[in-house]
Amino acid sequence: MAAAAEGSVLLFPSTSSASARVEAVVVFNICDSYVRRPDQAERVIGTLLGSVLPDGTVHVRNSYVVPHGESADQVALDIEYHHNMYASHHKVNPKEVIVGWFSTGFGISGGSTLIHDFYSREVQNPIHLTVDTGFTRGDASIKAYISSNLSLGDRHLAAQFQEIPLDLRMLEAGKVGYDILKSTIVEKLPNDLEGMESSMEKLYVLIDEIYKYVDDVVEGRVAPDNKIGRFIADTVASMPKLSPAAFDKLFSDRIQDNLALVYLSSITRTQISIAEKLNTAAQIL
Amino acid sequence: MANPAGGPAAGARSFLQAVATVTEEAPSPLRVVQMEGLAVLKIIKHCEEFAPALVTGQLLGLDVGSVLEVTNCFPFPIREDDEEADADGANYQLEMMRCLREVNVDNNTVGWYQSCLLGSFQTVELIETFMNYQENIRRCVCIVYDPSRSNQGVLALKALKLTDSFMDLYRNNGLTGDKLREKKLSWVDIFEEIPIKVSNSALVSAFMTELEPESPVSQCDFDRLKLSTAPFMERNLEFLIGCMDDLSSEQNKFQYYYRNVSKQQSQQQAWLQKRRQENMARKAAGEEPLPEEDPSNPIFKPIPEPSRLEGYLVTNQISSYCNHINGYAFYSNFMPIPYSFSLGKELSDVEILVQLWIADAHILLGKLFFPKGLSQRCWSELQQAVLDEGLAGGLGD
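Quick mapping for you: the protein sequence lines, in order, are chains A and B. Here the first sequence is numbered in full-length UniProt numbering, starting from 1 and rising by one per residue. Here the second sequence is numbered in full-length UniProt numbering, starting from 1 and rising by one per residue.
Hints are computed from structural coordinates only; laboratory data are not their basis. Fair warning: there could be bad hints in the mix.
Calculated pairs, EDC-like style, for lysine to aspartate or glutamate (alpha carbon to alpha carbon, straight line, at most 20 Å) [said to hold, decoys possible]:
1. Lys301/B <-> Asp178/B
2. Lys179/B <-> Asp164/B
3. Lys263/B <-> Glu238/B
4. Lys226/B <-> Glu201/A
5. Lys197/B <-> Glu194/A
6. Lys183/B <-> Asp168/B
7. Lys188/A <-> Glu193/B
8. Lys91/A <-> Asp164/B
Please construct the entire structure, taking both the sequences and the accompanying hints into account.
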């Protein structure tokens with residue numbers, strides 16, 4: 001029957017361009033609102049804000065919860081709250097528009113179609129994001145769906161939800177450093193030098209790894225992989241060949257520049273200390 | 001205690017008393033600002049999106065003993081300078097608070113956040129905002145985020161508050177030389193930085209651990225290992241020079257003031273002498289002496305002393321630029337600097353002289369290096385291109 005339907009009236013919209021990207025702040029907000037959900041509420045739902053990139057990817061950058069009530073066969077969404085909140089967000093950043101909605105829990109329930117219908121009236125082709133805060137499958141699953149109506153002639157049969165690829169790379173979170181976002185408590189923010197130290201350590205580890213790999217290949221312990229080999233060759237080739245003397249000169253020039261700056265800033269500090277003492281010293285007139 | 005029947009009642013009363021005394025005690029000082037990861041991310045998102053424009057927002061959270069928890073925040077729209085917009089902004093704030101309360105977000109203002117450019121947040125506006133907040137909230141902080149420094153791979157978040165002694169002086173318009181000297185308040189004592197702790201709910205932590213597999217490098221590692229320090233240094237120096245100009249104009253103001261004061265005093269002396277001679281003459285003539293003071297005379301009007309606030313703030317800015325330059329040069333050298341200055345409020349005058357002498361000697365040395373120029377060096381660009389591509393291409397995969 002499905003095959004027959006496919007042949008005649010069913011429309012399957014092309015999904016090639018549809019995909020979604022979610023920033024860390026959205027996941028954080030959803031988790032936080034789940035933790036703060038009202039008594040006896042099973043799940044939280046809310047609006048996703050963001051933009052549609054030129055290539056059709058939906059970039060979800062912000063979100064807010066919308067209070068709702070749910071019983072066996074109906075869902076009541078606080079539409080006024082939704083509109084107020086959207087107006088407020090719009091004032092801050094007019095570039096962020098409604099792109100869909102989220103719900104916690106795994107999979108899609110009957111009530112979801114009703115809410116999705118509502119969001120379809122707000123925006124064309126909304127996406128639906130589910131965040132499994134209960135870890136029902138044993139892992140943290142975040143999924144994005146788009147929906148299309150299945151209809152036979154004029155008759156509405158069902159809403160079809162189709163999963164779309166989701167990009168969870170969270171580039172902005174990378175700037176903060178995952179260490180801070182992963183653990184439940186971080187006693188102290190890393191300062192300049194500590195951050196640099198950890199980066200250098202990571203770099204050393206990576207270089208050691210490459211060394212080991214190259215040595216292993218040379219001694220025949222590991223089967224060579226041309227792709228990796230080319231990568232290493234490209235990386236090494238991207239470094240211009242400098243004679244040690246030239247490099248020394250460049251390096252020491254640079255250090256001297258920096259030292260000069262340090263002298264400058266140090267002398268400034270000393271001057272300030274003196275100036276302050278003079279300025280607040282008792283004036284003998 | 002002697003009467004066992006009265007025991008519980010006495011116990012209860014002493015408990016009540018204990019509670020009462022606890023609440024009456026002076027509030028314990030604020031030691032730590034504990035921020036939720038959500039608040040950190042929201043602040044960074046807002047500040048980065050609008051950089052280089054400067055933005056502000058409100059912090060929500062709880063005040064728990066010596067810890068101030070920041071659990072959420074919301075951004076303010078960019079302000080326009082007319083009254084209608086002001087009223088609009090107030091409405092927005094109330095509306096947002098109401099909405100957030102409905103979904104059980106902590107509905108308690110604990111301060112505000114703002115973005116800044118290269119650490120130049122020390123302004124009179126900041127202090128005024130602080131005083132406004134402080135009127136309503138006993139304990140509040142200002143979180144400052146610097147998007148320009150975060151490009152260097154530093155998480156440039158700072159929690160600040162004004163020191164109590166400075167607030168007292170500011171409230172009583174006491175920022176004059178005498179009062180400052182009396183209270184021993186120097187420019188270092190205006191702002192107080194409070195350490196920040198970051199906390200995440202177990203749920204968030206589980207999600208992040210699950211979603212972000214241990215990757216060998218992250219964006220902030222690339223940012224930190226960038227070799228192009230020149231633009232950052234140049235801008236720091238530019239700002240530093242600007243601040244020095246401001247400082248010297250402040251100094252000029254004071255010189256002008258002191259000159260005027262001494263001029264006035266000599267005028268007063270001259271007038272007094274004249275009046276005394278006159279009085280002697282009158283006495284000889286048997287007339288009543290004239291009073292030795294004349295409030296209507298303009299030379300007796302005290303000249304208002306200019307406020308020290310501007311100078312102090314500029315000094316603070318200079319110090320933060322110096323810190324940037326020193327810190328940055330320090331680790332872009334990958335080697336220890338041969339000497340270090342201990343900048344502190346407790347420097348004795350002799351120490352300062354010695355340091356000045358050392359600095360002078362070094363600046364002479366430094367001049368030898370200076371003609372080479374600080375920027376536009378082909379090698380640094382070259383080196384940057386190499387490292388950027390090498391690291392991004394080779395290690396990112």
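Do the hints match the structure? See the list:
| no. | hint | result |
| --- | --- | --- |
| 1 | Lys301/B <-> Asp178/B | 19 Å, holds |
| 2 | Lys179/B <-> Asp164/B | 15 Å, holds |
| 3 | Lys263/B <-> Glu238/B | 38 Å, violated |
| 4 | Lys226/B <-> Glu201/A | 15 Å, holds |
| 5 | Lys197/B <-> Glu194/A | 16 Å, holds |
| 6 | Lys183/B <-> Asp168/B | 10 Å, holds |
| 7 | Lys188/A <-> Glu193/B | 13 Å, holds |
| 8 | Lys91/A <-> Asp164/B | 36 Å, violated |
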